[in-house]
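Given only the sequences and the hints, what does the whole structure look like? Please build it.
Each chain is listed here by its residues.
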Amino acid sequence: MVMGNFTGVWGIFEYMDETTETIEQIREKGVQPTVITPCPRHEIDHALGNPTTVLPWIALFFGALGCFVGYSLPAWTASDWVLPVSGKPILAIPPYTIIGFELTVLFTTIFTLISIALLGIIDSFRFPIPKAAKKYRRFQRDRFGVVVRCDAANLEQFETIMKSNGAEEVHVEK
Amino acid sequence: MVSRQFNLLSLLISFLFITIYSSAAYAKQPIAFSHKLHTVQNGIPCQYCHLYARRSFSSGVPPVSTCIGCHGPQEMKLVKPESSEVNKMREYWSKNIPIPWVKVHDIPDFVRFPHKKHINADSDRLISDAGGGCDAENAPRSLECKLALFRTGGDERCIACHGDVRSMDGMKQVDDNFGKMGWCMECHLQVKGAKERKRTGNTWAGWFHAKEMDIEREAAIGLINDKGFHNPNTLDCLTCHY
Amino acid sequence: MKKGLSRRKLFKYMGAGGATAVIAGCEKKPEKLIPMLVPPTNYEYTPHTTYNYMTTCRECEAACGMMVTTREHRAQKAEGNPNHPINQGALCARGQASMQTLYNPSRIAHPLADGKQIPWEEGMKQFAAVMQTASGAIAYIGKPTTGSDGDFIDEWLDAAGGGRRVGFNLLNQNSLVEANRIAFGRADIPEYAFENAGIILNFGADFLESWGNTVENARRFADTHAYKDGKKNRLIHVSPHVSLTGAKADRWVMINPGTEGLAALAIASVIREEKDNYKFLKKFLESYSPEKVSEATGVSAELLRELAKDVIGHSTLLALGGGNLAATEQSVETLTAVNILNAVSGALGETVRFYDQSPSETSSHQQIVQLINDLNSGKIKLLIIDDSNPVYALPPSVELLQAMQKAFVVSIVSQKSETSHAANLVLPALTAYESWGDAFPRSGVRSIQQPVMTAVKGFDAKAREDILLEAVQQVNNKAFSGISSYFDYLQNKWRKVQSEVGDTGNFDNFWIKVLENGGIFQKPEYAHVSLNRKVTSVQVNDPGMTAKDGLTLIPTASIFHGDGSGANKPWLQEVPNPMSQIVWDSWVEINPDTAQKMGINDRAIVEVSTPHGSVQATAYYHFGIHRDAIAIPLGQGHQHSGDVADGFGINVMDLLPNNLDGTGSLTLVGTQAQLKMVNDKSFTVNTDGNARQLGRNIAAATTVEELAKGGDHHGKHARPSEFYPDRSETAGYYKPYRWGMTIDLDRCNGCSACVVACYAENNLPVVGKMRTAIGREMSWIRLERYIEGMGDDHETRFTPMLCQQCGNAGCETVCPVYATYHNPEGLNAMVYNRCVGTRYCSNNCAYKVRRFNWFDYEFPSPLDQQLNSTITTREVGVMEKCTFCVQRINTAKHDANNLGRDLEDGEVKTACQQTCPTNAITFGNLMDPESKVAKQALRNNQENRDRQYEVLAELNYKPAITYLKKVNTREIDGHGSEKHESHETETSHG
Amino acid sequence: MGTASGYDPTAGKVIIDEHIGHPGIKATTLGYGEINDEMLAMLDKPHPSYYLLLLGFIMALGLGALSFAIQVDVGIGYSGISHPIAWGFYITNFVFWIGIGHAGTLISAVFYLTRAPWRTAIYRSAEAMTVFAVFTAGLFPLIHIGRPWLAFWLIPYPNERMLWVNFKSPLLWDVFAVTTYMSVSIMFFLLGLIPDIAILRDEAIRKGKKLKALVYAPLALAWRGTNHQWVHYMRGYLIFAAFATPLVFSVHSIVSWDFAMSSVPGWHTTIFAPYFVAGAIFSGLAMVLTVLIPIRAVFGLQDYITNHVIQSVSRVIIFTSIIVGYAYATEFFIGYYSGSPYERAIFYYRPFGEMQSWTLLGDNQLNFPQIAFWLMVFCNVIAPIPLWRWKVRNNPLAVWIIAALINVGMWFERFNIIGSSLQHEYDPASWGEYWPTIVETGVTIGSFGFFFTLFTIFVKSLPPMAIMELKEGTKPPMKNNVKKDGDG
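Chains as they are written, first to last, in our numbering: chain A, 20 to 193; chain B, 16 to 257; chain C, 26 to 1015; chain D, -19 to 468.
Everything labelled a hint here was simulated from the structure, so no lab data went into it. All C-beta atoms in this analysis are idealised placements derived from N, C-alpha and C, irrespective of residue type, glycine included. Hints are supplied without guarantee of correctness; some may be wrong.
Said to hold, decoys possible - To give an idea of the interface, some chain B residues facing chain C are shown, with a C-beta separation under 8 Å as derived from the structure:
hint	residue
1	P129
2	G169
3	N248
4	D251
Following this line, the structure appears as structure tokens:
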């Protein structure tokens, strides 16, 4: 799908209760809208049907990887060139636990951050937003936006829903 | 536009290249002394001039009297009486000034490198086979080749580290990382028992009492040699750094 | 100093800026390879190889044999000549520091006329001209000599038209010689056979510091005094002052200054009564019975009788006296009294043995006094002074300096000094290590002094004798015919020696043998002597010093500086005095009781004044001094002896009068001084953080009784079983070596020779007073001095503390970069070039033996030429420490490897072990059960197991150094200071 | 609107109106746009006095840089660190700044998980403080070591020397702990900033400020605020919080093991980890108050950083103060109870100095560690006691004075631990003293300059409060106020 060819309706709302109402009505039509909000609200999540994310699994995987590296790197380096210190065992587990812990946290957080960015990019392809909506500069401030991607046939239907729920502006993209 | 940027880039790269690899060039010496001429054509062995190599830490730069021993003062018309380069040497000799040779093979001051230990080392007893033969054609400076040279002994042993001086007109460093720790370690790891000492010394000693296992291994890895005395430990830091 | 931004600095700034990236432009400036023009042909020479030359140490008059290690034709380290019968391979701190005589930055580099540099020709011309005019009116002041140079100078004076030679030595033994003449008819110094003594009564002779040959004394004393076979012979120190020697004593009997003779006679009288011998002394000695002298000496009659009983019960007695403490007005009488005691107790021929011939040369202060008179009256026109420094070492009240202005003074010296400063003409002489000479210190010992290197670069000097020879031959062409240098003269002398020792071979062969051996050594012959009946005419009086107003001033001879000649050597200034632990300074030892009565704090600045002068110095609380006395060490307070010596401390001589004793020697003890506190804080630097060990058993001691009980010896306890297996079970570990050391604290007497040896061997920088003040001294081995007990009943303990090469070291595990780790030979390796300088290892070292390079330390030229080229000299930001002289281990292993064998016991000696006069330090391979160190250190050793302990063993660092406890013959009363019961700790069990 | 919460003198108690947003935080009654504008107003062109202040901090920083340059040039010996006190001011500063760096992550992660809503107004600043404090702390190991140009050897990277680092060394744990903590703090900080930077971007474009927009646009990472982004973001934030929480506790534990893993008397105790963590939180929160109370006054943020917020932080400070005081007492008890002469000696030395019997005779002088000890006890245990009273807690000036004192006290606590123990270790002959030189003092001042320079720049360049979270905490705009009717 190409970004330029967006077909659908998007509306700007001032009030959250109107937004949630709109979302629920759109979903009743079997279409999942994309909602733009200045801050996350549980009401909107509920209206959207509590969507989930794959992020925790990514974090778990890289956390485990970090833990493994955290133990194996010290163990391998220590046995690569055996230099005894203070009569301690060459493979000393307690000190390596610290490295294991630190790398678990480091790997998890780094890859979580990267994943947030990547998943965001992927989602922007999966659920595109019309260019005009991107240029509307009040979503980050105090306005709610609802974007519905649909066939040309359904445009009117969604435009009506938005307007009826008190949208400030409704734009139809063909 | 593009081509200019490309030119700039290639200039930068070549500059870096030259700076990095300039060490491989022949060092500018006060006299254009040719090792090739002396060793190959005249058959002088290394230790004829570098006479302290087997006796001392330093191999010794030949005293000017060694040169004059063959070349002689000009009026004696011994070897090459008219050569301008040799005359430079004669001038130093007559002025009683030692020749300020430029040091090519330099190791840091915190490393103790005894030439005598390396020249006198019994290679058969000490050095294990690196496995794989020496491909002298394509990879003359590979580890296998260096070890082979070392095991040959004589002048070849010098070549193992200093490169094929016999083919050099001047003097240059053949291995770019000559004198770096990893470069030394490459061969030091080939000494019998060294790898075992380094890697598996006793990794599990902290958790299992591994006495019998270790004593067996000790004999197996050749810490004690056929003469019944202990092979030198080439891996201990204090072997070179003290 | 380099100007501008050097490469290293650039790197530093870059590193600081975080730009540690590898840059392509960081190529090194190529180093130059400078070959020799002509290699030495007359002998084999190999670079980077050690050559040893035998010579004779000339730091004091004792003439110990010396073996100087040279590399690249530069002398680098002085060690004792193992063949030499006097020192047997050991050297004292001053001998170790002889390399700094050689490379001293304050050496005189050019001839000087009135302080201005002149060429040699002109200097010699001036010298010859003055000689010609002064013919017959020449005087020569020199160190007393036992060798051929004395004869040479006498002959020289004859050739120059006549003159006189005056030996100058402040701490001479003339009184002892005179006392021996009176008592035994022998004007000589006998051999003191410590090893035959059952008990030693020491009347103030500092025989471990300044009296006689201290190296030999220390060895022989340790042989008798150290605990062996369940017993230990005792040393009783009868003196007003506890010196280093007194600190080693089993008992200190505090006696009024100057009354040692009375005490000796009192003891002698009791012994004589018991033994009923020497009847002719009966009446004489009865007048000195304990009861009669008790008041004068301040020692109770019971105690004197008890001492006498001890002597009888533990024969044979060795009674010693002399040195600086005996230098009172009646020093001869005092020493005669000691001689009587020796004779009465039967020591003659047993512990006190006279040689068959007496080579010693007498020099007395009277000659100096005479000389000064002659100078003043104009009878002397030319005065030649060698390396002795009378202007400094004599009290100003002698007025030598003023007299010297009356004559032309030529100083033929190697080192700057107050005397050379006052000279009209200074001709730089070579040091003893660059020139020929010899010494015959006693019967059977003929020691050669050969140059170990050519003159140090940059010093345009000639041998002293050669200067004289050249000058006299300019004046008198008949003088010394056929002799072109002193070397010829010396060889002629040794031709005679050859015939004396009965060698009939070729002289050249003999000469080579002498040079190889360091001299010709024969067993001494002894003569029988007996007590002269005329000794009864000697009158020993009560000097009554304590009764006088003020405190009796006792100048003490410093173990490092002697009469001041050691003060210009950085090592000797830097190494703390073993008793006071003070560096770069003088101090006034005062009894705390007296001080508190006078309101003087410890480390306060006090003004000490006598009728002859006054000085300001730091008060130092010392239990071991008489309550009516103060002690000030000699040797500091120079003004013109170079940067190292000038301005540090004070010269006690400024306080003394020009008083002479019976032999004409200067009296040192007897002046009364007044004390006044000037400032209650001073900038005196001592290296000990605390004089008390707080029950921590770092310097542990036991008693003979304790050891006799046995039973609960610590050796019985096996080492605690370990959670982790021993390293010796690791492949390649401790095979075949596990280096270890034992230090016998019963033998150690704190002489600090080991400390100086370590400085010399390991390129330790000297940091100076200011940096030592904040703990920056770089010494890898320090001699810890701990004081136990309080007041008169105190004990001083010494512990050499060096890296313990722990098996479970604290330092290793905390290093983030493996710069220190446990080496397969049991060494606690320190890889300097890997160190980044976090200094955690130093924090975690319980023994605090790691030293950090806070700066790139400078070795001012020519001291840098002494640097040992077999080890790395460390750069700024790097931790360093002792590694049991790993360079010596590695060198020995290279050689052994080439010979196809493992190292043998005793093949490697650490620098500290090598120089230890008492053999307190043993080093070797712990894995070899036959090695000497294993025998001492292993727990199953029957002889030593009761004395073995590890310092701070409860930390389980498993040090490789085992100490053997000091053995006391008495209990020190209750660790006086540790009333606070929390400081009591269990004796550590190994 | 009326007071959201407050002390009612007639009732004699605090009245909290449960119906208005979050009790006690007035900002929770504001609208989205209102919050947005007020926050963005903070980033307006600053008053000239701001530049004066910044200049002052930069000059302090310059002093530190100069001192360090001198030290590198002359040698580390130019500082007063010596033998046996091989660690001095630098490690003290390191531990101190790491401690300061604990407040931010604690507030943003721990209080996020425990849903303490009063964190909203202060967490951004606290997080910025964390990042800057860890930056500052991270400099100190470099300043401290003997050869800083080789500091990269502490990083395990494959090299031609075939050498690795010693993972058994507590210092290496430190390297890992501090770099991880620094990375996580920075990432957490940036993560929280993403929606706010998107706001800044959009506002800049709206107001036609193209240059600003150009700067903010890449930093906003194409943030649109779609529900998909919000889902990932909120879950990611939760994961960050979940992992940052143990990290907060681990970092200072690991720093404490620098000491506790050694055998130095006074260091070698198991109590160190919790003791250090409590101390870190204590000092971190005190620093938060020290910095935010003046900011609140300058920017007039009483609606956001209300007295309630200050009170809440003060309560945590009281709590940690008790823990720290208890730890001090425990140290002494263990020192006594262990029976170890070394421990007893050091715990006698800290408060009272040289024991009479330690020296030959007397000379009982007060030394730097004793000053440090008593300052520490006064500032950390005694000074916070007035905070128990509500009236004191409600007085920002009083709280600020106490918080500043705590900062001083916590610095001296670290010095007390480091400086005194090293002076009196096992071997009395090697006991020593420590006095800093001008270099260390300069670098210490410079570290404060560095921290405050960064913080001052931050205050004016990024929103010092999380606008997005403020909006989240406030009442959403509703056309039909059916469910909530809080406009009292």
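Hint check, failures only: 2
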